[in-house]
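Read off the chains here:
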Amino acid sequence: MVKINKLLLGTTSLLSLSLLAACGNGDEESGSEESSDTLSVWMMGDGNETVQPIFDAYTEETGIEVDLQSIPWSAAHDRLLTAVASGEGPDVVQMGSTYMAEFTDAGALLDISDYIESSDALSPENFFEGNVATTMFDDNYYGVPWYTETRALYYRTDLLEEVGYPEGPSNWEELYDAAVKLSERGDNMYGFDINLKEQTFGPMFAKQNGSEIINEAGEPVLNEPEFVEAIEYLHSFVEAGATTNQDLGIELSQSFGGEGIVPMFISGPWSISMIEDQTTDIEGKWDIRTLPEGPVSNVSNTGGANLAVWSSSDHPDEAMDLIEHMVSVDSLMTYYDTTSSLPALVEAWEEEPFQDEKIAVFGEQLENSEHMPLIEGWDRMSQAYLSSFEQIMVGGADIQETLDNLNEEVKTIIE
Amino acid sequence: MINIDKKLKIIIGIVLSLWGLITVIPFAWMILSAFKTNPEIVSTQPSLFPNEWTFDNFRELFERLNFDVYLVNTAIITALGFVGLFLNAMAGFAFAHYDFKFKNFLFLLVLATMMIPGQVTMIPVYLLLNQMGLTNTYLGIVLPGLTGAFGIFLFRQFFSNISEEFFEAARLDGASDFYVFFRVALPLSKPIIAVQGILTFIAGWNSFLWPLIIANDQSFYTLSVGLQLLQGQHGTNYALQMAGAAFMVIPILIIFIIFQKYILTGFNISGGK
Amino acid sequence: MKSKKAPYFFIAPAIILLLMFSIFPILIALVISFTDMSLAGLADFSRINFLGIENYQNILQDKVFLQSITNTLFYVIFGVPLVILFSLTIAILINMGQSKYFSFMRVVFYSPSITNIVAVAIVWAFLFNPSESIGLINQVLGTVGIGPIGWLTSTEFSKISLIILAVWRGIGINMLIFSAALQNIPRTMYEAAELDGATRLEQIWYITIPQLKFSTFFVTITTIIGWLQFFEEPFVMTEGGPLNSTTSVALFIYRNGFQNNQFGYAAAGSLLLFIVIILATMLQLRLQRRAD
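Protein chains in written order, with the UniProt record's numbering: chain A, 1 to 415; chain B, 1 to 273; chain C, 1 to 292.
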């Protein structure tokens, strides 16, 4: 029995030790143990393929080694979470714009305002406004815009021509009219895709109708007339059978290619290569245009990612130097070549690839594109919105009533 | 076994074949899609067999994966997993054939560990491993999943099926407890070791989360992590994914077929076949 | 003689590892469930507030959580018996065959367990597609004048579709366990029964099934636990929709907790699920003991 007692004692003391240790763990342990001539960098996706050439050039120039860790997109949040928990992160990290608020709030990212102010290359004026907004919290900067995304309207030129809009619909009325006419082609034919899983879809239309999401007083305004009207407008597509309120469970090649079950949809630049890769039968039969003009504007939704310095980094100076290298035109062009991600640096848009007609549309749309509110509870808020939007579009719930409830729910989330 | 005649055997064979055919479709689709182009996979007219066989997916896969590193890591982690199988067997044996204090409580404790979703425990476990200095080590990667309630429980149930007399006989000859376990119990449990072995192999071979989270650089990544890296932010190259999945499943099939032999050579009191 | 110490040596390594990597984290989760732990709290413990049982009160009033409980019960009640019945049937049928071909069928029925989840999602989305021109199941049903059915898109059928999918995936492993256990049934028992004139069905009913008691018990418990944690199928196929009709408790915990960093709330949900599973398991242990 003695042995057992020892065993139990050993186990419990080990447990309590680790419990204490885990709780006592804080910022005193710093991120990297490497010497100052190595920087650790976390990038999402296959970094070997996409960013390694940029780092190789940097190492050649400065002699500083870059230790890259690529993180699968699917596990990015988990990995960042554990880094926050242990305080041990990289020197430079790629941060999706929607992650910025929560991770800044958690103190995971370094305030780099001083660096930004003292560098011409990193000056906010060099980048698209919508992206700069995602790096700024309480008038301080926590990141440098890296690549950008915005949404535009994809449409089948051949089918739209048949209903009288060869250039695609240019405003809300035309969008509705075109969608209804297209849906009259037959059973299981639709005009326009309303994305029930996209958190920014409804809010983006609301903005085009002059609505805010969160007003200056910090209160949600999701049940005000401007917002409600926009949702009613989207719901009218369901009523007219111009959109499907079911997930068709099909790929782009099936919905957009072929006979064009859904010949208009809103998406970001990534869909260009998806259409080119996946469909073979509609070459020359599709195009992209800026979003149809709403009653107030045709503002789109900005996304993308920033580069940030982890708060526990031992080498912030070197990290910022690397970031400066990464947002140079040369580096951004390398990144564009390997990932098709659009640079957030305005200057880079003078380069040749961005003169391409289709891509230039996104350049044009970026002039009129904003990010969704950057608040810590955005994820929860958008989950609540998605659920309400589904109730309206699929479940046929009363619009005003549902949005009233949503607004109340969002109020408690923001508090 | 139940004796059956030829006619019944053929009927059963046909029933199983039809049922099996439906069951195996997604698996077959996965393998065959590895030889398709991506547009073909997502085309409006899906077909099981590729219109045109291509090996480009495999070529791209092997070019882009740090294959040598990932394969070695995966093999090491899988091999270490088998230590856990052995620990599970020991614990299962004790729960089945010994009476000791707190036995029921401890067993319920073991079962309880099955009942909590992994996401809840991820962060505490990570912090613990971090404190123990096990980040960036193979040990850190395998420890969290080394033993598991499922395995212990499975062994316990199996050992409970074996009559106590087998072990008593050995003990009367003066064998120690360890001898009984290694030389009597383990050899008797070949079928269940084979089942557990298959599961252990698959778990190790597919390990994803801990190699990713414990590693501070890519030199500890496994094939699964490497495969996930190939996935873009928007949309997926299904052809590449299927090539990876098809490649990863080959060793599993080999192991399955090898181990299956042991499932069938189970011990039989009457002397077997 | 059996040594008194031996069992402790046998269980010590496993128990220590489980204490460290499972029990200890559960205790941490218990503590967290009484707080408003979020991402910020994770970085800086001083920002964690103690809430008492507020998380538990809120979650029990959360309509989606309550719906996820009903959904999960539906999954368990229909899914578990089907999995056990099918895997047992297949294991017995394969075992009767005793030939290379029948052994090969074991690989076939195990294949869903080793099929990549992305492939599973693509193929089943195609099979379940609501359109009669694309979805294979609806195509087949169409030829006999039924449908088309919105397998994944209607609230009436979505749960059933996921059960079909999960049963398909779940048969393999349990069939394997039954297969291993079948090897342990002494051949002499069947021979004796046959001499007594028992039919094959009687042999299955009076010999095979009782002899598989331990394995059936094991499969039942682990399957129930697995289905109470039903997650992957709704996660990849429906994301819980339409209108939350397929949201399981585990998916709810994942979505509301880990996507939104409300760890306290998520931990409370997990602990409630944990308690339910413990109760279900203890009930079964008791039932088995009574049956013995």
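Please note: incorrect hints may appear among the correct ones.
[To be verified] Lysine-lysine pairs mimicking BS3-like chemistry, simulated, CA-CA at most 25 Å apart:
1) K261(B) to K4(C)
2) K411(A) to K63(C)
3) K213(C) to K103(B)
4) K100(C) to K7(B)
5) K63(C) to K159(C)
6) K100(C) to K9(B)
7) K100(C) to K197(A)
8) K103(B) to K159(C)
9) K411(A) to K197(A)
Just so you know, these hints were derived from the structure itself, not from any lab.
Now the hints, each set against the structure:
no.	hint	result
1	K261(B) to K4(C)	violated, 36 Å
2	K411(A) to K63(C)	holds, 18 Å
3	K213(C) to K103(B)	holds, 21 Å
4	K100(C) to K7(B)	holds, 17 Å
5	K63(C) to K159(C)	holds, 18 Å
6	K100(C) to K9(B)	holds, 13 Å
7	K100(C) to K197(A)	violated, 48 Å
8	K103(B) to K159(C)	violated, 40 Å
9	K411(A) to K197(A)	holds, 22 Å
The structure shown violates the earlier hints numbered 1, 7, 8.
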